[in-house]
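Peer 1: Below, each chain spelled out in residue letters.
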Amino acid sequence: MNLSNLSNLSVGLSTYLLVGAMLFCLGLYGVFAKKNMIAILMSIELMLNAVNINFVAFNRFLWNQKVDVHYILTGHVAALFVIIVAAAEVAVGLALVIAVYRNRQSTNVDELNWLKW
Amino acid sequence: MGTVVFFIFAILSIAAAWGVVTSKNIMHSALYLALSFLGVAVLYILMNADYLAAVQLLIYTGGIAIMVLFAIMLTLRGEVSESNPENSIWGWGALISTLLFITIAFVVLTNADWRILPTPWTSGGSATDISLLLLTKFMVPFEAAAVLLTVAIVGAVILAKGVKESK
Numbered sequence: 033m034n035l036s037n038l039s040n041l042s043v044g045l046s047t048y049l050l051v052g053a054m055l056f057c058l059g060l061y062g063v064f065a066k067k068n069m070i071a072i073l074m075s076i077e078l079m080l081n082a083v084n085i086n087f088v089a090f091n092r093f094l095w096n097q098k099v100d101v102h103y104i105l106t107g108h109v110a111a112l113f114v115i116i117v118a119a120a121e122v123a124v125g126l127a128l129v130i131a132v133y134r135n136r137q138s139t140n141v142d143e144l145n146w147l148k149w
Numbered sequence: 494m495g496t497v498v499f500f501i502f503a504i505l506s507i508a509a510a511w512g513v514v515t516s517k518n519i520m521h522s523a524l525y526l527a528l529s530f531l532g533v534a535v536l537y538i539l540m541n542a543d544y545l546a547a548v549q550l551l552i553y554t555g556g557i558a559i560m561v562l563f564a565i566m567l568t569l570r571g572e573v574s575e576s577n578p579e580n581s582i583w584g585w586g587a588l589i590s591t592l593l594f595i596t597i598a599f600v601v602l603t604n605a606d607w608r609i610l611p612t613p614w615t616s617g618g619s620a621t622d623i624s625l626l627l628l629t630k631f632m633v634p635f636e637a638a639a640v641l642l643t644v645a646i647v648g649a650v651i652l653a654k655g656v657k658e659s660k
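Chains as they are written, first to last, in my numbering: chain A, 33 to 149; chain B, 494 to 660.
Mixed in with the good hints, there may be bad ones.
Mimicking BS3-like on lysine-lysine, the simulated pairs with C-alpha atoms at most 27 angstroms apart in a straight line are [said to hold, decoys possible]:
1) 654(B) with 67(A)
2) 67(A) with 148(A)
3) 98(A) with 630(B)
4) 517(B) with 67(A)
Beyond 10 angstroms from chain A on every Cβ pair, some chain B residues (computed) [as the list claims (entries may be wrong)]:
5) 572
6) 574
7) 657
8) 658
Everything labelled a hint here was simulated from the structure, so no lab data went into it. Ideal placement from N, C-alpha and C gives every residue a C-beta, glycine not left out.
For reference, chain B alone in the conformation it holds in the complex (with noise of 0.2 angstroms):
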């Protein structure tokens, strides 16, 4: 069961990353990342992370993705199906990426001590225990996180928005 739900899941992400990727039509590109997120995050639900699967569904689904759309929509200028080229030299990314993934690939199926089955799983995931870990041993990165949060927001406003020359 478990199985049949993670290859669905796993290849539905795959399946619209590449269509992120190639796709000609930048808001289908959106669109695409958006179900791309949806599988990772059931793939947390799979792999016992509940809190990071809602988290992943809030911030990256209905966060991220939207703000892409939005971003898209303001820049957007000629025939939008034609909105997302590729540049010149795309065979030496798709190259460069493919033997990556060979080698990753590779040293990932001949490394023994990763070929393990999961075995049951006590220790929790929810928010109650993230949130323990969160507010004790890594509380300064926790409060560190909240200042870079809020100076990316005000950073993001000003940039876009533009500053007023005050005389």
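With the rest of the complex left out, here is chain A (with noise of 0.2 angstroms):
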């Protein structure tokens, strides 16, 4: 790329597919490097709404007049499902965090060792 094309660099979607990468592996950062679970939880939340940037830049630029009508919009859906799958997980997920909580008073995945001796 020479410098006259800085000027009008366009979104195509390698870009886009880069910001989901990086919110992926900053969330997958999240999930090895914290100590509280609520933590853990919200990094998860972080790598999947990565996943649903990939799925709708994939449906919006791979699209064309050849795909089906009715499939038109499949990214979408997918992404939709991801959604509904999230908020299950964090509805449950938070539920037994609290639940943890109410036994040992703590929220460290550290302290959670009952089966380890």
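Could you fit the two chains together into a complex? Lean on the hints.
Peer 2: Listed below in structure tokens is the structure:
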């Protein structure tokens, strides 16, 4: 790319994919590095969001007239199902956090070693 | 115009995601999470997914982020400014995520098939178009999702509230 192209830098599919990849990797880092259970749940939400960006971006950019008109929004529907599953997951996940907190007075995953001896 | 809006909100949502995973205060993490969801909703609008943008704002920013805030307030102990620490192997996590990002970026940037610009969009994305798809081609997964949500709500209430032992 030469410098004259920079003034009309356009947003293509790969730009969206890079945004999705960045969000996904930040979420992955959060899952690996955080001690608090709720922080891990939040990082999982970030990762699901990144996947949704990819679904919608592929649906938007790989679209053409040859696709059957009944399937043209399939990426949107897939993203919608991901959102539904994320809502169910976070509801059950937070309920589990509260149940664990009631028993152990802690949300630190390093202390959840009941099955280890 | 669209390019400027895209970069503003893409950088906003990535910076907010960075705040989620690096903030030491878990309250701030949750608020950054809502900000990140908001940036992603604007990206959906730029990709002509109006209905998904509305769903993103209603469910993620309005529902999930607030539920996370409530769960944090219910389980907070000790000093709030140190409520979100890193564990001892965070360096490995950073290494693995960085390597994964470099790999994905390499694949995305070298794949010529994906170096495409948007063609004019004429196929909708409103609630009407998606509901037509949901109630015909994807009816069985749609009903399954309804069952899943009901089971998840009942399960969440039972897990959080506990069940009284009956004689």
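Peer 1: Look at each hint and say if it fits the structure.
Peer 2: Cross-check of the supplied hints:
no.: 1; hint: 654(B) with 67(A); result: holds (24 angstroms)
no.: 2; hint: 67(A) with 148(A); result: holds (18 angstroms)
no.: 3; hint: 98(A) with 630(B); result: holds (18 angstroms)
no.: 4; hint: 517(B) with 67(A); result: holds (11 angstroms)
no.: 5; hint: 572; result: holds (13 angstroms)
no.: 6; hint: 574; result: holds (13 angstroms)
no.: 7; hint: 657; result: holds (14 angstroms)
no.: 8; hint: 658; result: holds (16 angstroms)
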